[in-house]
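Participant: Respectively, the protein sequence lines represent chains A and B. Here the first sequence stands for residues 1 to 369, numbered as in our numbering. Here the second sequence stands for residues 370 to 912, numbered as in our numbering.
Simulated from the structure, these hints should not be mistaken for lab results. Check before you lean on any hint, since a few could be wrong.
[Claimed, not checked] Simulated coverage check for chain A against chain B, where a stretch passes if three residues somewhere in it have a Cβ under 8 Å from a Cβ of chain B:
id : stretch
1  : 225 to 237
2  : 266 to 279
[To be verified] Okay, the calculated beta carbon distance ranges per label pair:
id : chain 1 : residue 1 : chain 2 : residue 2 : range
3  : A       : 347       : B       : 485       : 57 to 67 Å
4  : B       : 475       : A       : 218       : 52 to 62 Å
5  : A       : 349       : B       : 749       : 25 to 35 Å
6  : A       : 84        : B       : 774       : 26 to 36 Å
7  : B       : 772       : A       : 330       : 51 to 61 Å
8  : B       : 480       : A       : 79        : 49 to 59 Å
[What the hints assert, rightly or not] If you want a taste of the chain A side facing chain B, the calculated C-beta under 10 Å gives, among others:
id : residue
9  : 221
10 : 222
11 : 300
12 : 304
13 : 305
Note that beta-carbon positions come from the ideal geometry of N, C-alpha and C, so glycine has one too.
Listed here are the chains, written in short residue letters.
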Amino acid sequence: MSEMTPTATSARADLPAPSPPVDPAETAAKADAARRLSWWRGDGGEGVRRNLGLIGVLVVLIVIGILTRPDLYGDSNWVWDNILTILKLASVVGVVTVGMTFVIIGGGIDLSVGAIVALAGVWATTVATQSYGAGGMVFAALTVGLAVGLVNGVLISYGRLVPFIATLAVLVAARGLAAEISDKQTQVSSNTFINGIASNKLLGIPLLVYILAAVVAAGWVLLNRTTFGRRTVAVGGNPEAARLAGINVRRHTLLLYALSGLCCGIAAIMLTAQANSAQAAMANLYELDAIAAAIIGGTLLSGGRGTIIGSLLGVIIFSTITNLFAINGLSTEAQNMVKGGIIVAAVLVQQVQFRSLTQFLGRNRATTT
Amino acid sequence: MTASDAASAPTPPDPTTMSEEVAVTKAPLVEAPADTVAGEVVLRLTDVVKTFPGVRALDGVQLEVRAGEVHCLLGQNGAGKSTLIKVLSGVHRPDSGDVYWRGEPATFANPQAAMRAGIATIYQELDLVEDLSVAENAFLGHEPRRLGFVRRGQMARRTRQILGRLGHPEIPPGRMVRALPAAGKQIVSMARALSHEARLIIMDEPSAVLAHDEVGNLFRIIRELTAQGIAVIYISHRLEEIREIGDRVTVLKDGRTTAANLPARETPTRDLVSRMTGRSIEYVFPDRPAAEPDGAELLRVDGLTRAGEFADVSLTVRAGEIVGIAGLVGSGRSELLETIFGARRAQAGTVRMGGRALRPGSVGAAVRAGMGMAPEERKSQALLLGEPIYRNVTLATFGRYARLGFTDTGRERAEADRIADSLELRPRDVRRPVRTLSGGNQQKVVVGRWLLGDTRLLLLDEPTRGVDVGARAELYQVIRALAARGVGVLLVSSEVPEVLGLADRVLVMREGRVVREAPAGELDENTVLDLVMAGSLMEGAPA
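Extracted from the complex, chain B is given alone in its bound form:
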């Protein structure tokens, strides 16, 4: 299935949650007029697919980059940006789809090949050798040499030239990179790209490591590069930067291009954000119970604070209630969840379960009090990938089935079988390694883990990220069914429709603070999007 098929799938939008202009489901793939930017097309990707065991990281990516333009790539964490960069820079090879580089079909066998072809990548964690000089870093791996000896003079001279081209002749080529500030290191990374005669430079969140006033300098350099006909793929979460430096924007979501070649300055912010976060397909949410949940108060959080992450957050969750937190990446929502669970220690504030204060910074205490959490990063935070499914399901409870410290694997397997049946896990054999499951089934394993214990409150961080459509609906059913049995659920999602469709009550977080709390029925998607985006993300941007 191609991206345009998916985007134009004839599913009726829900009028209560979606307005016309953000109805991604209805709109076909957006193509701006071809003459937006002058210059030949240097890079074209069509229907690029890349799968890893258990996850479809790229699922039909379209991308067109022209010489001399700044092409912005927009997407949430997990949308596939990193995988796309790795495909372009020769780290991964696509499973299917076409990559055209300067008109010729191309696959890059390794990063060196991509670099030779003229594609340079500046990664977020700058890949510089701290204890080598500026010149040595710029020419790392392709030092000018004669008879095996590095021609240091020539290398220094050429480095000086390149630094001059970048507008930074003041950086001495002999200086150790360690001694440079972050902005200087970035210049060295760019110098390396230019030392390869790059025609396309990919910059992965280059502004993330810079102070505010250094960003202006970065933009000046980017403009000089593009004036020389070099194409730049610019990745950033910050919309105001995209407005300022970008020419065209391509938006990725769940490994697909949801919008291509939008004009960077004119496209309304709401449009961009909804394409980033909005659903690409209508999901079926289970019905809410007729009566409002009136269970006993389960969780009470008062004035919880962690400097730089979130401040003064107070919330409650009742038994049988689903509380959703809406917010973008960086709003502090995941950090909040982890702090409630004791995986981070709060600097101020209290967490109470059933009226009793929990020891801060202790996951054990939270689990004993009846909390369970499905963290944001399934693979790195929740699963033992090489271990059998049943051992992952019983990871939090195997001690309960043990007698005198001896595990009872038969019992564990029977319990895991039960969970697998009720969650319709596929494949069904619980002795298979978790690694072999799809993203949705892996998520079922993580959720199922907490169904075994006496979990009274479930914390779900992006429960449907990387989960395919069918499994999503199943997960929603599971979450609602849990609530119907009296389990409280605190759900974090960057997909506003998911929060609105699933939760009974919604908190909107922005920059570490709760800016709105209301029953889900009283909010619509536009209101939430406005709240989520207001502030820094919107500043200077036309609404």
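Isolated chain A, as found in the complex:
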């Protein structure tokens, strides 16, 4: 990535056809205005509308909560605690979902995330790793996550396996390896720093929520403000066009799965901290939660479109539903049925939105030409 000098740019400014001289100050002012606009507006008008819809769903869920348990909602302390409970509940899956969102926008799918979390968690809590202290445990979890993610990436981009198959295979293998390492036992974490990540608070907010916020913020910046994010959208939206524009599609695909693996490593530490232990069966079916959250959040399963904020809202909607059922003392089974319904509803709504949008654009064209 070479940086271009301003003179080089202005030399090309009139390349295709000699245009009348433009006041440079005026051009600069225009560019400046465009830059200022981009700060608060971005380019995702469509995504913003979609996210407003998700916030609407969240509001409805909260209203249902208020209507069903007015006694609890009367207590403002309880309300604050409950919000933190929901966010804490969302934190681990949320971190996994950020990685998943990148993979799906990039045109892939990662079924191995739950298994990677388990393997990283188990690896970080072996007696040997724990002897290196908290730093060693974090390092082990992140490295294992990254490494397994790289395996996914290599299989898919250089081994040309279909992502579904490759990550399914890695799911099975990673769970197996986790069981092997842990000897099918629950490994207790005796590290107070690690365990404290789940129990400690800063300014009244659990550390887990800070980690989620940090990962989401980093993910948002990465997707919307960096070349990595731009390449992700290009590779997922039209891989052939990306390739013919000189983007190294294979290398980028590899990096996407590595990123997902890294997120799983972070989630492994968080989950281990919550349980004070790790075992091969942990983070079961997280892949489905993460995929569902991303889809609800407006990520197109065929790639090329999606937002981090949408995915975050998807995760929070799920944990709010869980919470809603918990405060009403209802079963997990009923809860899962509602979740399934919500996934279908969300996708249906998006399809309708998309169709009416294209129709609108079609009409628009017809009138202008």
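Please build the complex by placing chain B on the supplied structure of chain A, with the hints as guidance.
Facilitator: Chain B in isolation, oriented as in the chain A frame:
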């Protein structure tokens, strides 16, 4: 504007490039005498128009098909044949124009409706279920049944009857379709058409999947079908097949009928090809510079080969020079361009930019060496349709404007604005999705993408396909202006006048080989057409 208006637009033909007999611009829509073929008119289309966002796929199609005839549809890729088939088979509904089916105005709401009316389509990729039997495929979707149970015996019996009618009683109805050869699968497709009592069968390049000796058998079946009064619309690129099996020919170009109901056997080949490829309207080409381009040699291709696509191609492009490659679909021209760009890996030969050999099969290396390409299929190969215009313009360069990996969208938008201004992009707002642009403006976005980088050589594959008249002239100006600034251009087009009018030097490709190279001034359209068509396409055909 109707097709006949367009075809008879009073524009003076250029005497240097067009002869009288191929002057499509002058001739009105050709109508053969009505009594060429006996039989009632089963299908008539008048002024059928179908638009998709950004493209006018059908722009005034006339078609008349009679019972018992083989009506050939001729046209280049992108001429609108596929869309026309989809309109006839109920996949798309036309925006305007009339479709008369057996004398009655008709619109088919869906493929089932078209099939019930008696129109069956045999697609190029045969739409058979490989793991069902021959009989199950033939009656797919309308199995004879009683109380919800398929009457397998009856289905097998009727399938056997139909196969017998097709002259293939030896195919067992119970055989899995997967186990059949391509020719056998085609028979099953036809059996399906007959199981619907089809009166019109549309065959989309049926010979493409067949070996040479199987084509004769296909023709025998087609003759038997037409003898029973069934009409066939036959689509093929191969003129010799059209000569052999066809009764009448309708030629499409850019979504319009450029000639209707020509006698298939008597019409001169050159006439057919020029109606397929020739311009329907005169374009204004920018003037060539007085002096011949004498820039430094930019691109040197030596002995480039890919088996089955092209062989031993050598060429050079100088800075500031426009080199045109003329050739029909299948001549290997697009594959050659993609190989030079590194999107395909050459089996032999080298590509050098500025004297340095490029790593084969690496687009990145080609781009870094200063190449840019506008591929043949804009939508599938070049654009992120849902993304804003500016992000499509900066797709190859956004990394240059970034600092430490952080994109600078303000800068990108300013650069895209500049490109949009200089290319007169409409609509002008670069934040709109590319999907909303017309074909010509989408092409400007793709070309504009390479104006941002330090592109020294631009590869253009069919740059004006699906582009309307006004935008064409603008694109020609842009290409010439680029050359005037020292950019080398390698242009591929199936429109001979475009190559001759725009390029400084012309290479003619046929069947994967360069058969002629000459300055554009030394060639005329007839010579090039002769070179382009010679060989297999002409074999057995009266010249």
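Participant: Just to be sure I understand the hint, the distance between the Cβ atoms of residue 480 of chain B and residue 79 of chain A should be within 49 to 59 Å; is that true here?
Facilitator: Given about 56 Å between the Cβ atoms, the range holds.
Participant: Verify the coverage statement for the stretch 266 to 279 of chain A against chain B, using a C-beta to C-beta distance below 8 Å and requiring 3 or more qualifying residues.
Facilitator: violated (count 0)
Participant: Would the stated hint for residue 304 of chain A survive a check requiring a Cβ distance to chain B of less than 10 Å?
Facilitator: Hint holds; residue 304 of chain A Cβ to chain B Cβ min 7 Å, cut 10 Å.
Participant: Take a look at whether the Cβ-Cβ distance between residue 475 of chain B and residue 218 of chain A falls inside 52 to 62 Å.
Facilitator: holds (59 Å)
Participant: At a threshold of 10 Å, is the proposed contact between residue 221 of chain A and chain B supported by beta-carbon distances?
Facilitator: holds (8 Å)
Participant: Would you say the C-beta atoms of residue 347 of chain A and residue 485 of chain B sit inside 57 to 67 Å of each other?
Facilitator: Violated: the Cβ-Cβ distance is about 33 Å, outside 57 to 67 Å.
Participant: Would the hint on residue 222 of chain A be counted as holding, given a Cβ-Cβ threshold of 10 Å to chain B?
Facilitator: Cβ of residue 222 of chain A sits 9 Å from chain B, so the hint holds.
Participant: Holds or violated: the stretch 225 to 237 of chain A covered by chain B, criterion of 3 or more residues with Cβ-Cβ distance under 8 Å?
Facilitator: holds (count 9)
Participant: Less than 10 Å between beta-carbons is the criterion; does residue 305 of chain A satisfy it with respect to chain B?
Facilitator: This hint holds: residue 305 of chain A lies near chain B, its Cβ roughly 6 Å from the closest one there, short of 10 Å.
Participant: Taking 51 to 61 Å as the hint, is the beta-carbon distance of residue 772 of chain B and residue 330 of chain A inside that range?
Facilitator: holds (52 Å)
Participant: Using the C-beta atoms of residue 84 of chain A and residue 774 of chain B, is the stated range 26 to 36 Å upheld?
Facilitator: With Cβ atoms ~34 Å apart, the hint holds.
Participant: Taking the closest Cβ pair, is residue 300 of chain A under 10 Å from chain B?
Facilitator: Since the shortest Cβ distance to chain B is 9 Å, the answer is holds.
In terms of the numbered hints stated before, the structure departs from hints 2 and 3, listed from lowest to highest.
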